[in-house]
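Here the protein sequences line up with chains V and U, keeping their order.
Each residue of the first sequence is one higher than the one before, counting from 1 in this note's numbering.
Each residue of the second sequence is one higher than the one before, counting from 154 in this note's numbering.
Worth double-checking, as some hints may not be accurate.
Some residues of chain V that are not near chain U, with every Cβ distance over 10 Å (derived) [claimed, not checked]: (1) TYR70; (2) MET109; (3) LEU131.
Where chain U lies over chain V, by a calculated footprint (3+ residues, C-beta under 8 Å) [said to hold, decoys possible]: (4) 3 to 11; (5) 42 to 49; (6) 110 to 120.
Here are some chain V residues pointing at chain U (derived, C-beta under 8 Å) [claimed, not checked]: (7) GLY73; (8) SER97; (9) SER128.
Bear in mind the hints are in silico, worked out from the structure with no lab data behind them.
Every residue gets a Cβ at the ideal spot worked out from N, C-alpha and C, and that includes glycine.
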Amino acid sequence: MNSRFILLLFVMAGLVVAFAPLPVQPITPQERTFRIDARQYAYSPSEFKVNPGDKVNIQLVSTDVVHGLYVDGYDISIEADPGQTKTLSFVADKPGSFRFRCNVTCGAMHPFMIGKLTVGTNNWLYRSIGLAVLAVIGFLPLSSFIPQTKNMD
Amino acid sequence: MSRFELTRIPFIKNTLKSRYPQLAVFIVMLVGYIFAILAGLIGTPVGSHNFSIVFVWIAWWAILILVAVPFFGRGWCAVCPIPLPGEWLQRGAVLSPPDKKPKWLNLRWPKFLRNIWMQNISFLLLALFSSVLLTTPNITGIVLAAMLFAAIGLSTIFERRAFCRYLCPVGGFIGLYSQTAPIELRIKDKQICVTCEGKPCYNGSANGYGCPWDVFPGGLTKNTYCGLCMECIRTCPHDNIAINLRPFSADLAKPSTRMDEAFKAFIMLGSAMIYAGVLLGPWGAFKDAAYNVGTSAWFIYAVIFLAIIFVILPGFFTLGILKTKGSLPLKQRFASLATALIPLGLMFWVAFSLSFVLTNASYIIAAFSDPLGLGWNLFGTANAVWQPMLTFVLAPAQTLALVGGLIWSARTAQKAANEIRTSSISVIAFSFILTLVMLWLLL
Ligand code: SF4
Ligand code: SF4
Ligand code: SF4
Ligand SMILES: [Cu+2]
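With the rest of the complex left out, here is chain U (with noise of 0.2 Å):
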């Protein structure tokens, strides 16, 4: 398959070969970051005016889902800041090669852990409190810091990055969608590895730290658990690893067997479908009961928001697979052509977000210059009036989102259905009459 080494650009080599740019960008990322927290906790409690609303739930989100995913699968996790106050502190460096010394616990993570089911639980809890999470900033102040405080703890407890590996709800989703994007961060020759002694990009070395995401480059895949920190690219020695550029989506190719990866992509896919039509829809009496969290109407709102995701989604679609004809038993298959849903609900992500976004983007002008909602006018946009962006090019934009999805989705089903020598009709029937669901909801 066509591949571009975007390492071999001496420029963009030795950009990410040095750790200065990155941590000028961690820098910038960590204080805007730890700005949201104050924000969220001393500034106004509109939601629309407050910085940590505004910047973390408008802009990053849709940096994040419509520019960062799609294209740089986890490029946003290359440049978060929650992990970093516990990565130094764990090396006891920020910059330093580091000494071999372990600080700390420095515990291997439990085995039976080694999976993203915590991930799965940590965005639901999110996802069940999201109305309130999306409006409230001093929640949001409180669930930044509370992710940060995880990371640090869990630094300090386990190796490496625990939180970004089994914990961090923004983690999991990131990784499941990054297999779509078109890079990939690879070996460049495999003979090479095999004859490494001590295999430095995974144990660490003078030059740089073993892959603080416990995986070993060497025998790298696809792209779901590398975070794209650079490490390798600086500790081996032998110059074997690159970046490339490839098709979409070239991960899928070869279906994951996981249960727990199958089912983030039906926690994802049922979520999209859930806030189009909660948050977007004209029905008031959803987004009561979505917001009054406590109540018995919450509870309702939340017991169907689980069954959704985890009976009726996975039911139906164990049902259309059922009768197919297949070697392999029902579990595999299900989980293989799961994989038909990762670009189906990228793609769902990103038809919603269209929506969410460009109505809501010129909060952000006025955010610029009045960050706490305290009255300030520092660059005097403080006053620029609400005003929903290019609605006219919302609905085609969706349509093309959903629709193109619905044929990405068929094309990876196909593909996957042919790995394991089954039929994909049903799998694309599947899909289609979500996709036609998700037109209703938003159009």
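Excised from the complex, chain V in its bound form (with noise of 0.2 Å):
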């Protein structure tokens, strides 16, 4: 088999790991409720998981200063004054791992401001991840021809 034919398969490999569709458990959308609480430079909890299609209420709670919450990819965000509670509510109907970030300047640290919201499984990470060993794979032959690939270029 020439190389240029396993160059190939590799990419059709990589391809149907990168966009392949995956099969869908449904799963009956729930109402959840989560207090985040905001100080200068950390959300707590700065982690959350939903299931796809859940209606989320986020209660963003500021102990400190002035702080906002938005969500990457959903392009949705609140601010909320000290001591106040300020509820976000939206449906989390695209799956994947999104960071949440304040958008109000709060301090140096601001833009490190950083949080991280999973919709259902981070899909994307685990096409990465498979896209990355195909890779390995790829070159493990290739390691055990050393002096024929010394000469190739």
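Combine both chains into one complex, guided by the hints.
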């Protein structure tokens, strides 16, 4: 088999790993409410998980200065004054892992005030790991052909 | 190997040979740099609204790591303003051709410091304070000013660009990663150099200065220490200098055997991973520790930071190659095989920076109109709201960078291993595991 053909096989396998649709188990959506405390440069809890389709209520409580919460990918946000509670409600209809971050300048480390929302499973991470595995498998047989590859370029 | 000589195009050649286009860029850069210092010192203390933070750590950083280094190697150094005042002082001229008299002390740089360990240390010093540096305008202003003055100071004591070659914290990793760029400055014909009298490219002539970076262009085999300053194009009387387009990472085919360069690769790789976890992760305690310089939490952070870079990563790497058969001593195998970590580290930085830059790029628009954060509105964009950009391409782009980096690193590992007749498997496994960690941290 020539190496071009093998490369083509790997590229196709890569496309399958990256884009093949996965079976989804239907889960009855629920309503979930989370209370998130925001303080200078951290949320707590800073990571939470919901199922796709859930109705999510985030109660944001600022414990020091004004903070916000912006969800990447969903492009929605709220702001809460110190001591106040504000609620952000949305339907988690996009699966995957999303950062949420403060969107009100609250001090030096503000740009790094970050949390993580996972809707369902973080499939893109597993697909990426699959691609990395595929890449390394591609190199294993090559590694044993050491003398040949020497003159390849 | 296939090369295309860019300097064969008359327009490119003339533009590089003339001093005026370069001077024009220099002046713009220098003005911007001094403005960044002033903005840092007198502008608002709110980082995301201060020119010094927004233009240095978001705009400049994005261009440097996503475009300049991967595609132009030391291209940034070709237009960098930091060494200019010192160099002009050292030469006693901005444009006019050199007179031969050395000015100032003009000492040779001490032999035992002729390596990049000082650059490794200066980078680490900034890296340990980076959370403060990245977010506090007056610290950024002070550091920028300190680099300018250090460069001036060294120019008056030592010959050529001692600051760039041996001290600049940025120059170290630009040099390391410039080896991966598809561009190079090399001589065209070795034979011409052998018979060339006086070697004006190194010693200078009426047409220009001897290589400010203290390299002999005739001996260049890698990009690391050539600052693309273009002096040798001006001085070579035999038109023997070319700028070539070439395949990516061509320099890595001949792996380095230097420990300072090998550790530079570990320093950069480790820092990218630590930043991905500390700055972009959801763990507040790490951020507190990194930011509160001087507290015991920060000391623990600093110790862990250094341990990851100097003990954990090189330790596992060494364990991996310990058992591989090879005729060379372990130290040389270590240095040669660490070459594989150069493309890996570069792509780690690309993946990390993509996230940081795309989320914060909208600050640039506002800072244009209100660079000092004083409520100005020069171009009517001061109230542009913060909005992450292109969030939907971020994760796929990061995967592409990281998996692409892994493939690139594996290929480099094979070449390096072939070169010293050993197996590349353990190095590939090492790169693979670190890539998984990075995927987990960023996605
Ligand atoms: S080494 Fe540093 S100071 Fe010198 S040109 Fe490059 S970036 Fe600028
Ligand atoms: S001046 Fe030109 S020909 Fe002479 S040594 Fe330098 S590069 Fe070679
Ligand atoms: S003189 Fe030539 S070799 Fe030396 S740094 Fe400038 S461009 Fe590079
Ligand atoms: Cu904030």
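Results of checking the hints against the structure:
1. TYR70: 8 Å, violated
2. MET109: 5 Å, violated
3. LEU131: 5 Å, violated
4. 3 to 11: violated (count 0)
5. 42 to 49: holds (count 5)
6. 110 to 120: holds (count 7)
7. GLY73: Holds. Min distance 5 Å.
8. SER97: 6 Å, holds
9. SER128: Holds: closest Cβ of chain U sits about 4 Å from SER128 of chain V, inside 8 Å.
Violated hints, in rising order: 1, 2, 3, 4; the structure is consistent with all others.
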